[in-house]
Amino acid sequence: MTDSIVRKFDEIQDMWFDRFDMNDKEKRKNDNNLLTKRILKSKIGEASTFNTVHNFYTAVYIFNNLFNDERERKEMFNGRNEYDFILCAVRDVDMELKKIFLLQDDTVEDEVNEFLNRDLNEIDEVMTECYKKFKG
Numbered sequence: 003m004t005d006s007i008v009r010k011f012d013e014i015q016d017m018w019f020d021r022f023d024m025n026d027k028e029k030r031k032n033d034n035n036l037l038t039k040r041i042l043k044s045k046i047g048e049a050s051t052f053n054t055v056h057n058f059y060t061a062v063y064i065f066n067n068l069f070n071d072e073r074e075r076k077e078m079f080n081g082r083n084e085y086d087f088i089l090c091a092v093r094d095v096d097m098e099l100k101k102i103f104l105l106q107d108d109t110v111e112d113e114v115n116e117f118l119n120r121d122l123n124e125i126d127e128v129m130t131e132c133y134k135k136f137k138g
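Heads up, the working numbering is the position in the sequence shown plus 2, with the first residue counted as 1.
Hints are not guaranteed to be accurate.
[As the list claims (entries may be wrong)] Listed below are the simulated BS3-like cross-link pairs for lysine-lysine, each with C-alpha atoms no more than 30 Å apart in a straight line:
{"id": "1", "residue 1": "Lys39", "residue 2": "Lys76"}
{"id": "2", "residue 1": "Lys45", "residue 2": "Lys134"}
{"id": "3", "residue 1": "Lys29", "residue 2": "Lys39"}
{"id": "4", "residue 1": "Lys43", "residue 2": "Lys31"}
{"id": "5", "residue 1": "Lys135", "residue 2": "Lys31"}
{"id": "6", "residue 1": "Lys134", "residue 2": "Lys31"}
{"id": "7", "residue 1": "Lys135", "residue 2": "Lys76"}
{"id": "8", "residue 1": "Lys135", "residue 2": "Lys45"}
{"id": "9", "residue 1": "Lys39", "residue 2": "Lys27"}
{"id": "10", "residue 1": "Lys45", "residue 2": "Lys137"}
{"id": "11", "residue 1": "Lys45", "residue 2": "Lys76"}
{"id": "12", "residue 1": "Lys134", "residue 2": "Lys39"}
[Claimed, not checked] Label-pair restraints from in silico Cβ distances:
{"id": "13", "residue 1": "Lys76", "residue 2": "Glu13", "range": "19 to 27 Å"}
{"id": "14", "residue 1": "Glu72", "residue 2": "Glu13", "range": "35 to 43 Å"}
{"id": "15", "residue 1": "Phe52", "residue 2": "Asp20", "range": "17 to 25 Å"}
{"id": "16", "residue 1": "Ser44", "residue 2": "Glu72", "range": "33 to 41 Å"}
{"id": "17", "residue 1": "Asp20", "residue 2": "Ser50", "range": "22 to 30 Å"}
{"id": "18", "residue 1": "Ile46", "residue 2": "Lys76", "range": "16 to 24 Å"}
{"id": "19", "residue 1": "Glu13", "residue 2": "Asn70", "range": "27 to 35 Å"}
{"id": "20", "residue 1": "Asp108", "residue 2": "Asp23", "range": "19 to 27 Å"}
{"id": "21", "residue 1": "Asp16", "residue 2": "Lys134", "range": "35 to 43 Å"}
{"id": "22", "residue 1": "Lys134", "residue 2": "Asn70", "range": "19 to 27 Å"}
{"id": "23", "residue 1": "Ile46", "residue 2": "Tyr133", "range": "30 to 38 Å"}
These are computed hints drawn from the structure, not numbers from a lab. Even for Gly, the Cβ is constructed at its ideal location relative to N, Cα and C.
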């Protein structure tokens, strides 16, 4: 299941960064910084530490909550938004600072399924709207 989450975030990141006119060097640098790319290029092929897995599942919750809130959705892909880590990388976060301990939450499967079943075209429309605002 984690592999599917990583791949979905990777698709979302690709859709977002395709909007920017980057040369090959910038694309390589970007790919080296994206956690999803590093995971998918590794021989392991999936997140390999508990903290990384936990970060991705937490990102699913954050993504769903933002995307389901009409006001938040309009800002979620804004480059200045505090949640833009979803696009850039799922960064390491101290376990004590996490608000949701997902392994004790019985809605994990529902949240993950909602995220994985979310239509990429719908996400792309929101990205396009946000990108236009971001570009000015």
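Do the hints match the structure? See the list:
no. : hint                       : result
1   : Lys39 - Lys76              : holds (26 Å)
2   : Lys45 - Lys134             : violated (38 Å)
3   : Lys29 - Lys39              : holds (11 Å)
4   : Lys43 - Lys31              : holds (14 Å)
5   : Lys135 - Lys31             : holds (25 Å)
6   : Lys134 - Lys31             : holds (24 Å)
7   : Lys135 - Lys76             : holds (9 Å)
8   : Lys135 - Lys45             : violated (39 Å)
9   : Lys39 - Lys27              : holds (15 Å)
10  : Lys45 - Lys137             : violated (37 Å)
11  : Lys45 - Lys76              : violated (37 Å)
12  : Lys134 - Lys39             : holds (26 Å)
13  : Lys76 - Glu13: 19 to 27 Å  : holds (21 Å)
14  : Glu72 - Glu13: 35 to 43 Å  : violated (23 Å)
15  : Phe52 - Asp20: 17 to 25 Å  : violated (32 Å)
16  : Ser44 - Glu72: 33 to 41 Å  : holds (37 Å)
17  : Asp20 - Ser50: 22 to 30 Å  : holds (28 Å)
18  : Ile46 - Lys76: 16 to 24 Å  : violated (37 Å)
19  : Glu13 - Asn70: 27 to 35 Å  : violated (19 Å)
20  : Asp108 - Asp23: 19 to 27 Å : violated (45 Å)
21  : Asp16 - Lys134: 35 to 43 Å : violated (19 Å)
22  : Lys134 - Asn70: 19 to 27 Å : holds (22 Å)
23  : Ile46 - Tyr133: 30 to 38 Å : holds (33 Å)
In summary, the structure is inconsistent with hints 2, 8, 10, 11, 14, 15, 18, 19, 20, 21 from the numbered list given earlier, while agreeing with the others.
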